[in-house]
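One line per chain: the protein sequences are R and W, in this order.
Its first residue numbered 4, the first sequence is counted upward by one per residue in this note's numbering.
Its first residue numbered 519, the second sequence is counted upward by one per residue in this note's numbering.
Watch out, some of these pointers could steer you wrong.
Footprint (simulated), chain R over chain W, 3 or more residues, beta carbon under 8 Å [said to hold, decoys possible]:
hint : segment
1    : 659-673
2    : 702-713
3    : 911-918
Okay, the calculated beta carbon distance ranges per label pair [as the list claims (entries may be wrong)]:
hint : chain 1 : residue 1 : chain 2 : residue 2 : range
4    : W       : Val791    : R       : Phe66     : 25 to 35 Å
5    : W       : Gly592    : R       : Thr24     : 52 to 62 Å
6    : R       : Ile310    : W       : Gly827    : 48 to 58 Å
7    : R       : Lys77     : W       : Gly692    : 54 to 64 Å
8    : W       : Glu598    : R       : Pro78     : 39 to 49 Å
9    : R       : Leu347    : W       : Tyr723    : 54 to 64 Å
10   : R       : Glu68     : W       : Glu681    : 53 to 63 Å
11   : W       : Asp685    : R       : Ala59     : 47 to 57 Å
12   : W       : Gly592    : R       : Arg73     : 34 to 44 Å
These are calculated hints, taken from the structure and not from any lab test.
Idealized CB from N, CA, C, for every residue including glycine.
Chain residues, written in single-letter form:
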Amino acid sequence: MIETLLIAFIKIVIVLLVLLTAVAYSVYAERRISAFIQDRLGPNRVGPFGLLQPIADVVKLVFKEAIVPRNANKPLHDLAPVISLTVALATFAVIPFGNTITLFGEEVKLIIADVNIGVLYILAFSSISVYGIALAGWSSNNKYSLMGSLRSSAQMVSYELSLGLAVVGVIMVTGSLRLDQVVMNQTNYLFGVLPAWNCFVQPIGFITFVVAAFAETNRQPFDLPEAEPELVGGFHTEYTGLKFGLFFLAEYAHMIVASAIITTLYLGGWHLPYIDMIDVSPMLMSIIGILTFVIKVTLVLLFMIVIRWTIPRFRYDQLMGLGWKVMFPMALLNIFITGLILLLLQ
Amino acid sequence: MKTDYTPDTSKSKIYEALIDQYTSIESDDPLGSDMVLNFGPQHPATHGVLRLLLRLDGERIIGCVPEVGYLHRGYEKLAENMTYHEYIPHTDRLDYLSPLANNMAYALAVERLAGIEVPPRAQYIRTICSELARISSHLMATGSMAMDVGALTVLLWTFREREKLYDIFEVLTGARFTTSYSRIGGVAQDLTADVEKMIHEFLDYLPEAIHECERLLNRNRIFVERCDGIGIINGDDAIAYGLTGPNLRGSGVGRDLRRDRPYFVYPELDFDVITHEGGDSLARYYVRLDEMYESVKIVRQCLDKIPEGEIHANKPKKVLPRKERVYTRMEEMIHDFMLVNFGIDPPAGEVYSAVENPKGELGFYIQSKGGGVPWRLKIRSPSFVNIHALPHMLKGVMVSDVVAVIGSLDPVMGEADK
Chain R
4 MIETLLIAFI
14 KIVIVLLVLL
24 TAVAYSVYAE
34 RRISAFIQDR
44 LGPNRVGPFG
54 LLQPIADVVK
64 LVFKEAIVPR
74 NANKPLHDLA
84 PVISLTVALA
94 TFAVIPFGNT
104 ITLFGEEVKL
114 IIADVNIGVL
124 YILAFSSISV
134 YGIALAGWSS
144 NNKYSLMGSL
154 RSSAQMVSYE
164 LSLGLAVVGV
174 IMVTGSLRLD
184 QVVMNQTNYL
194 FGVLPAWNCF
204 VQPIGFITFV
214 VAAFAETNRQ
224 PFDLPEAEPE
234 LVGGFHTEYT
244 GLKFGLFFLA
254 EYAHMIVASA
264 IITTLYLGGW
274 HLPYIDMIDV
284 SPMLMSIIGI
294 LTFVIKVTLV
304 LLFMIVIRWT
314 IPRFRYDQLM
324 GLGWKVMFPM
334 ALLNIFITGL
344 ILLLLQ
Chain W
519 MKTDYTPDTS
529 KSKIYEALID
539 QYTSIESDDP
549 LGSDMVLNFG
559 PQHPATHGVL
569 RLLLRLDGER
579 IIGCVPEVGY
589 LHRGYEKLAE
599 NMTYHEYIPH
609 TDRLDYLSPL
619 ANNMAYALAV
629 ERLAGIEVPP
639 RAQYIRTICS
649 ELARISSHLM
659 ATGSMAMDVG
669 ALTVLLWTFR
679 EREKLYDIFE
689 VLTGARFTTS
699 YSRIGGVAQD
709 LTADVEKMIH
719 EFLDYLPEAI
729 HECERLLNRN
739 RIFVERCDGI
749 GIINGDDAIA
759 YGLTGPNLRG
769 SGVGRDLRRD
779 RPYFVYPELD
789 FDVITHEGGD
799 SLARYYVRLD
809 EMYESVKIVR
819 QCLDKIPEGE
829 IHANKPKKVL
839 PRKERVYTRM
849 EEMIHDFMLV
859 NFGIDPPAGE
869 VYSAVENPKG
879 ELGFYIQSKG
889 GGVPWRLKIR
899 SPSFVNIHAL
909 PHMLKGVMVS
919 DVVAVIGSLD
929 PVMGEADK
């Protein structure tokens, strides 16, 4: 019993450290890539190629004065950024970042919480994350913050529907709510050649899910809650110092988690296609699995960043229109088609 | 100690204006769900220090009162205490996105007052400067409008091009930003071959660069849908509100002072007046884009046709002599002394001289009673008049559209507040 707990604890520490470092460096990546797109240099002074910039950023944020507006609701104002970041990090618990690895004669599953309702867990936590933003906007007692959080609540609630319905397609194909089962299901091959990734099996669901995931993470073109030109800073207008830093980290943590979810559900997770055709030792296989997962997540992340710096932002009513008139029917259509095909294949 | 502070807005003038203006709406709204939002003067999208007091129903705007004056520096009054030459640097700071065009407009007004004829070479240089300033201003307008709807990259791309223009201005005028390039009766320095080469290179490259931005925006459905059909003002209303420049031409009214009331060498040049029907933000955006291509055409023609010759009018009593002559010749030194200390002494009378600036019709109304300083100088600044139409354009749009409408209106507060 103690052994299991110890293993779980070690896994949590390692994943948390890696995740937080990844968050810091995804900020750096965002700044460098945006600079490249915009013909600028970007951060390149701190350390080689500016690689120490995230540390400088964090130190700066830590030493900033924490200002709370006079009429703000202080407990909620303090709680909101914590909710945001915690939820983002906690979602990672159910994502399998590798198959199994054998260490010291012990077979360890590369997933923190091996629960049998992984998909539901993800959906539940993405719902909670809206509280962070809604409370932040409400407790700040600022009209811009309030509008930002109202927009965000409406946006997340509407897009969560499409998100959930898109996942239903995956569940129907897999026949399980376990995320490791979802990945295992994608290690097969379609017609013997094409990897049976859900993005090929469920193209409509994949597109719906990716768009909804963008909306869930508040990324451009759906970053209305913090639409800078109209709402100044949106829900985090009244935040400074480390509390602002937490929101900032939470945004990128959400991005990484969303990329990981997209990878797991639709891009084959840790599975590298065709690797099982050659003979590799189980240890090497596990390491390749982890690396594959990391690379896939990075690529999805880069895609999100490039999108942000390329296209403008939706207007609020257009966003809701897209969510309810396009995404929702598409997700339903996907379920219908999936069901029909599954029925015919039986 | 008083801890809960609520600003007493009920007594403020601007708040009263907002409430008075739309009293009928209050009775339509029994729940009282409307909210007053203070937009600016410190706000990332108001292009400086424009303040709007908005009355919202949800995200929809039911009332708007703009307030200007946060950048008021009293330029009209200042003019009464300085000679005509001394005032030129202040014109830089009107529309600070196109200082060259302001310099030229002011010099033209004074020359019309004093009856000075500027030699052709200087006229051509002035035309080139005005058009380069137009390109610079329109690049900024396009970029900032794109930024306001969320496409930050375009802003940086247009800034890259403006940087090249600033390099040209630096070599031509000696300053990148506050150029003060015009002189009464001519321009400060001659257009050298170096500058001509730089301008040619810039013109060769610019259409491609604009096209690059167009590729990112014009066929982007998000951008087009964001700007299409918002901030509509039809031609009649636009005339009634006194809109000028690209904002008027975006409503389908083809008025352009360069063609309708020619000045400089515009009558000798071949160019089109761009108009777009629609009167919405998108139409105004298209007008600016197309005008940049026209400006390229105009500058090319000027560079082809520019004659050799003097760049100062030969009127020693009115026009400042060249510096090297002041140091070496008695006559010029006396003139310089008299002009600097006592001014150019135009005849008593008044003049209204307007030019087509990037933002619209920039007019200088000067009343002279003789002597070295104007008795009264009034600036008809296009941004000020354009802002006047904002409440009309904003009625019924959403909060997100406010920034797109302001961006398409392209006001510069330095000019609006004077």
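task = Determine whether the Cβ-Cβ distance between W/Glu598 and R/Pro78 falls within the hinted range of 39 to 49 Å.
result = violated, 59 Å
query = Does the hinted range 47 to 57 Å hold for W/Asp685 and R/Ala59 at CB?
reply = For R/Ala59 against W/Asp685, whose Cβ atoms are near 32 Å apart, the range 47 to 57 Å is violated.
ask   = Is 48 to 58 Å a correct range for the gap between the Cβ atoms of R/Ile310 and W/Gly827?
value = For W/Gly827 against R/Ile310, whose Cβ atoms are near 56 Å apart, the range 48 to 58 Å holds.
Range hint 25 to 35 Å (beta carbons of W/Val791 and R/Phe66) holds or violated = violated, 57 Å
task = Would you check chain R against the segment 702-713 of chain W, counting CB to CB pairs closer than 8 Å, and say if three or more residues qualify?
result = Violated - the segment 702-713 of chain W has 0 residues with a Cβ nearer than 8 Å to chain R, which falls short of three.
Distance restraint evaluation - R/Lys77, W/Gly692, Cβ atoms, bounds 54 to 64 Å = holds, 56 Å
task = Take a look at whether the Cβ-Cβ distance between R/Glu68 and W/Glu681 falls inside 53 to 63 Å.
result = violated, 36 Å
message = Please verify the coverage claim for the segment 659-673 of chain W: does it have three or more residues whose C-beta sits within 8 Å of some C-beta in chain R?
response = holds (count 8)
task = Examine the segment 911-918 of chain W: at least three residues should have C-beta closer than 8 Å to a C-beta of chain R.
result = Check passed, 3 qualifying residues.
query = How does the Cβ-Cβ distance of R/Leu347 and W/Tyr723 compare with 54 to 64 Å: does it lie in that range?
reply = holds, 59 Å
ask   = Can the suggested window of 34 to 44 Å be confirmed for the beta-carbon pair W/Gly592 and R/Arg73?
value = holds, 36 Å
request  = Go ahead and decide if the range 52 to 62 Å is satisfied by the Cβ distance of W/Gly592 to R/Thr24.
outcome  = With Cβ atoms ~56 Å apart, the hint holds.
Hints 2, 4, 8, 10 and 11 from the list above are not met by this structure, while the remaining hints are.
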